[in-house]
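Enquirer: Using the sequences and the accompanying hints, generate a full structural model.
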Amino acid sequence: MNDDKPTIPGDLDKREPGLTPDLAPTYREGDLIHTAPEFAIADADVLASERGDVIPGTSLWRDAWRRLLKNKLAVFGMIVVSIVAIASIFGPMIIKKTTGFAPDSIPSDAKLIKSYPPFKTPDGSFSWLHPMGTDNQGRDMLARVLQGGQISLMVGIIATLVSLLIGVTYGAVAGYLGGRIDNLMMRVVDILYSLPYIILVIVLLAMFRRNTPMGQLLLLFVALGSVSWLTMARIVRGQVLSLKNQEFVLAARATGVSTPRIIFRHIVPNTLGPVIVYATLTIPTVMLTEAFLSFLGFGVQAPLASWGTLATNGIQNIGIFPWQMVFPGVTMALTLFSLNFLGDGLRDALDPQMRKL
Amino acid sequence: MNNGNLLEVKDLRTYFNTEDGEVKAVDGISFALKRGETLGIVGESGSGKSVTNLSIIRLIPTPPGRIVSGQVLFDGTDILALKEDEVRRIRGRRIAMIFQDPMTSLNPFMKISRQLMEITQLHLGHTKREAYDHAIKMLETVGIPDARSRVDGYPHEFSGGMRQRVMIAMALSCEPELLIADEPTTALDVTIQAQILELIKTLKRATGASVILITHDLGVVAGMTDHLIVMYAGKVFEQAPTTELFALPGNPYTKGLLRSVPDPTSEQDRLYQIRGLPPDVAHLPAGCPFAPRCDRAEEICQREFPPFVQLTAEHFSLCHFANEVYEESCEEAGSRQAVSSTAHQGRP
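Read top to bottom, the protein sequences are chains A and B.
Quick note: the first sequence uses my numbering, first residue 11, plus one each step.
Quick note: the second sequence uses my numbering, first residue 967, plus one each step.
It should be emphasised that the hints constitute simulated quantities derived from the structure, not laboratory data.
Treat the hints with care, since some could be wrong.
Interface residues of chain B toward chain A, partial, derived using beta-carbon atoms under 7 Å [to be verified]: (1) 997; (2) 1025; (3) 1026; (4) 1034; (5) 1054; (6) 1067; (7) 1070; (8) 1072; (9) 1087; (10) 1207; (11) 1208; (12) 1271.
All C-beta atoms, glycine included, are put in the ideal place defined by N, C-alpha and C.
Expert: If you want it as structure tokens, here you go:
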């Protein structure tokens, strides 16, 4: 042994047997315990095993997508939602082109201003003209249901986006800053939670009543969005609390990244899984609330119509003209079902516990 | 300028307020690091190694943490007195860090390229194009094959050793003057450990950066560092040039640590271990914090806090019996030399 350089291990014969035999670790022959510098490979070569790890991407999203496709109910939901969405967007236009019925066009012939059942002409014979019948004013129900779908989906999606924007920002800031600020911010959420939100929305809608239908619609987005962000804020805060202690956040801070950038560029994308799931489940809730508000007369104003207003109008004549109520009601129920299935499927697909499989 | 010291830590104290009372995680640490030198900080878990280094770039979570007193003079300026955005300009630009677990220290949702580009865009004012090219160049520097196609991958597409290489690339992209490596090899397997250490060494030589290497593996620091600090319970227990510390330890704790390193060539069946557990830093005894575990503790050790004894010009030890321990080490070293020289003579 070269004595100029001290060696790490002490003298063999100077060592005592372990003082606490039970706790003494046993090393089998051939165990590598630590690397002495002399084992170091001179050039920073890369091992073959290290080089050959190009596994064609099973990224998180692709994995989740695969799991989602295995879930039959979720696939069903996805298909139904897509059909409803596409039909709502293009349907009214196509109907206008082919039959000339706009959702709000009342026929000029006084004879036609009455409600006809589905697939029936005024003289009682079969016709493809009104597959869902007409309403009291003789307007084509299919066109109205599809246009109502436009409004309902728009309310659902935009109000959810509003809640997403507020909730994610609020929750992420509260969670990341922590301490007293977090405490204060979350108590505000608690207080808002304790208010009956329907009443809050009704008060908001009544106070800032707009005269134009579009203005009222916009107000509806804001009102619904501003009450549905609370749970989102809590979810995001919880996620951020666990994420902010991860080493990559410390690493980002150690490279001099500023706090807002860390929150919104580094942490928030990591909360995306639960956020997407919750957002998908918020859309039907918001749509239901909108229907409820329309039912009470606070929602979408004529001539615009949503599924909620259509159902409200329909329910007045449910005994005589059941199709006025059934078609918007069933379409809405089917869409809400499908959105919920899709949301559940997404939750299962993005669940961190499932991810390990 | 300031006697060639890049970093001078003076009487640094970082305390944490916990429910259990005030924890003195770092309690009066002082050391200096010259330009181009490597300093090793060794100690058991919870001895304050990481807190020391997080304090240096002010990344202690506050609350509960709090830098109570002390100075961190980096190139003459006290980092602890700077404003937050001034510190941010130093972080990553002049002082960079590598963390223990490469699996968690890269953002799983960001492409490698974006994580690498962020630093140079931030600190060197690179455009996207420049930053992207620089990222590829850095990946090539740290020995990632086929860097051009790998740069747009996500962290999960890289193995542990590769990720640590990426971390090193990230840390070195702005050519920092000080690199703090907090247990850079602990989470890696041994063959990769050696490569990573060698890589740090090579790059350090190439860029002339100073390095602080935190580890609990004495094998790691032996070949890498110029100076060593042994920490225990938030205090510096021994401070010496690496070769001297290994050859002539002047502190019973260091001796215990050195004896606990397994020697693959020996046939002993039981490994030496320091008895007991590291102390609860919230409730330290009045005397020497190591006394309850120390083989040669005497009555005075329980009662009085030990002095920081200077043994040679650069060798300090925190012990009541520092001089005695040091002399013993000298004798042992002498006899070892004698034994091995006779062994040499015995060989034909």
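Enquirer: So, as I understand it, the hint says residue 1271 (chain B) touches chain A; can you test that by seeing if any CB pair is closer than 7 Å?
Expert: Since chain A brings no Cβ nearer than about 26 Å to residue 1271 (chain B), farther than 7 Å, the hint is violated.
Enquirer: Given residue 1208 (chain B) was flagged as interface, is its beta-carbon under 7 Å from a beta-carbon of chain A?
Expert: violated (9 Å)
Enquirer: Could you check if residue 1054 (chain B) really has its C-beta closer than 7 Å to a C-beta on chain A?
Expert: Check passed: Cβ of residue 1054 (chain B) comes within 5 Å of chain A, closer than 7 Å.
Enquirer: Does the CB of residue 1025 (chain B) sit less than 7 Å away from some CB of chain A?
Expert: This interface hint holds because 6 Å falls under the 7 Å limit.
Enquirer: Against chain A, run the beta carbon of residue 997 (chain B) and see if the smallest gap drops under 7 Å.
Expert: violated (20 Å)
Enquirer: Going by Cβ atoms only, is residue 1072 (chain B) closer than 7 Å to chain A?
Expert: At 6 Å from the nearest chain A Cβ, residue 1072 (chain B) passes the 7 Å test, so the hint holds.
Enquirer: May I ask you to test the interface hint for residue 1070 (chain B) with respect to chain A, counting a Cβ-Cβ separation under 7 Å as satisfied?
Expert: holds (4 Å)
Enquirer: Would the stated hint for residue 1087 (chain B) survive a check requiring a Cβ distance to chain A of less than 7 Å?
Expert: With a minimum Cβ separation of about 11 Å from chain A (threshold 7 Å), the hint on residue 1087 (chain B) is violated.
Enquirer: Hint validation: residue 1026 (chain B) versus chain A, beta carbon distance must be below 7 Å. Holds or violated?
Expert: Violated, because the Cβ-Cβ distance from residue 1026 (chain B) to chain A comes to roughly 11 Å (cut-off 7 Å).
Enquirer: Close enough to count: is the Cβ of residue 1067 (chain B) nearer than 7 Å to one in chain A?
Expert: It holds, given that the least Cβ distance between residue 1067 (chain B) and chain A is near 6 Å, below 7 Å.
Enquirer: Verify the interface restraint on residue 1034 (chain B): the C-beta must sit less than 7 Å from at least one C-beta of chain A.
Expert: violated (19 Å)
Enquirer: Grab the minimum C-beta distance from residue 1207 (chain B) to chain A and call the hint holds if it beats 7 Å, violated otherwise.
Expert: Violated. Min distance 11 Å.
Hints 1, 3, 4, 9, 10, 11, 12 from the earlier list are contradicted by this structure; the remaining hints agree with it.
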